[in-house]
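Chemist: So you can see what is in the structure, the chains are spelled out below.
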Amino acid sequence: MQRQLATMKQSLFDQGYLDEQFVQLEELQDEVNPNFVEEVVTLYYRDSVRLVQNLEQALEKNPLDFSKLDSYMHQFKGSSSSIGAKKVKIECTQFREYCRTGNGEGCKRTFQQLKKEYATLKKKLEVYFQFARQVGPVEKARRPK
Amino acid sequence: MNGIITNAETTTMQFHVLAVDDSVIDRKLIERLLKTSSYQVTVVDSGVKALEYLGLVDDEIANTNTDSNPISTIKNHHEVEVNLIITDYCMPGINGYDLLRKIKESTTLKNIPVVIMSSENIPSRINNCLEQGAEEFFLKPVKQSDVNKLKPHLMRGKGKENQPNFVVNKRKPMAECLSPDRIRTKYNYI
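Chains as they are written, first to last, in my numbering: chain V, 5 to 149; chain H, 39 to 228.
Because the hints were derived from the structure by calculation, they are not lab data.
Note that the Cβ used here is the ideal one computed from N, Cα and C, for glycine as well.
It is possible that part of the hints are untrue.
Rough simulated footprint, nothing fancy, chain H against chain V, three-plus residues with beta-carbon under 8 angstroms [claimed, not checked]: (1) 26-32; (2) 42-53; (3) 70-82.
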């Protein structure tokens, strides 16, 4: 079971959904804080809902306020980066680039892509955490199998 | 018991770090990182709250008011002992740079080491912060290896304060010369 979990995790990294920061989070998990990663990710989901709502509203305005859009996306990029959400972070960066150049269509397109990546990651992590809970107490990322 | 006393003092010395960040995720992360290093941690979500916590607001008012009661500022200062402040740069309201400046301009707080965190690698920003007196500038996401760099700043910071049970680094040899009875109550060696 543990090997399956490790394989699942490895695939998330190989496919570029997660980066090294996720490992950093896992290393902060221990017997006293056994659910640290899931707790952080849960906070991320909650915060992301807020940011997505703000972005959606802001993208409906005419004309677009690129400074405001960039500010929201700066936050989204920051939190995504903090949990190691690699693909989501890439979309955030692209979005901010479109803000910089004042490209409204580019922003809207990228935002749709971002929401897709976010939804995919969320699903994959839910499966991962569910499986991890079944496997039992968390092994530290460093420990060899 | 002689040699052990000095060690015991260093292990019971608990550093108190004030962390400031408007992101709930980053607050959780920095808190965990700091606690891993056995620091006592207080986390606030804005520069304004940080200033309130530090008692700086009262400090400023007291300095500009000739009728001020100096006891109120001293009281605030002693209630809160912070050994290091680590703050995000980009925050609504007072940003990290402004917070750094206010701390360095304060007579009571200027010796507290300040560290800035930012998700953006902008050399001019980094230089401005360092020039304003920040000890370190960490790029986010902050890692354990970054937090490990805080220790020397904390050790140095403690040395500047007049607190009981402190061993000022340069005084250490002197402490070791003292008899066991004297070491237990150590006040105002500076």
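Chemist: Would you mind marking each hint as holding or not holding in the structure?
Modeler: Structure-based check of all given hints:
1. With a threshold of 8 angstroms between beta carbons, the proposed coverage of the region 26-32 of chain V by chain H holds, since 4 of its residues qualify and at least three are required.
2. Counting residues of the region 42-53 of chain V whose beta carbon lies closer than 8 angstroms to any beta carbon of chain H gives 6, which meets the minimum of three for the stated coverage.
3. Residues of the region 70-82 of chain V lying with their CB closer than 8 angstroms to a CB of chain H number 4, which satisfies the three-residue condition for coverage.
Taken one by one, the earlier hints all hold for this structure without exception.
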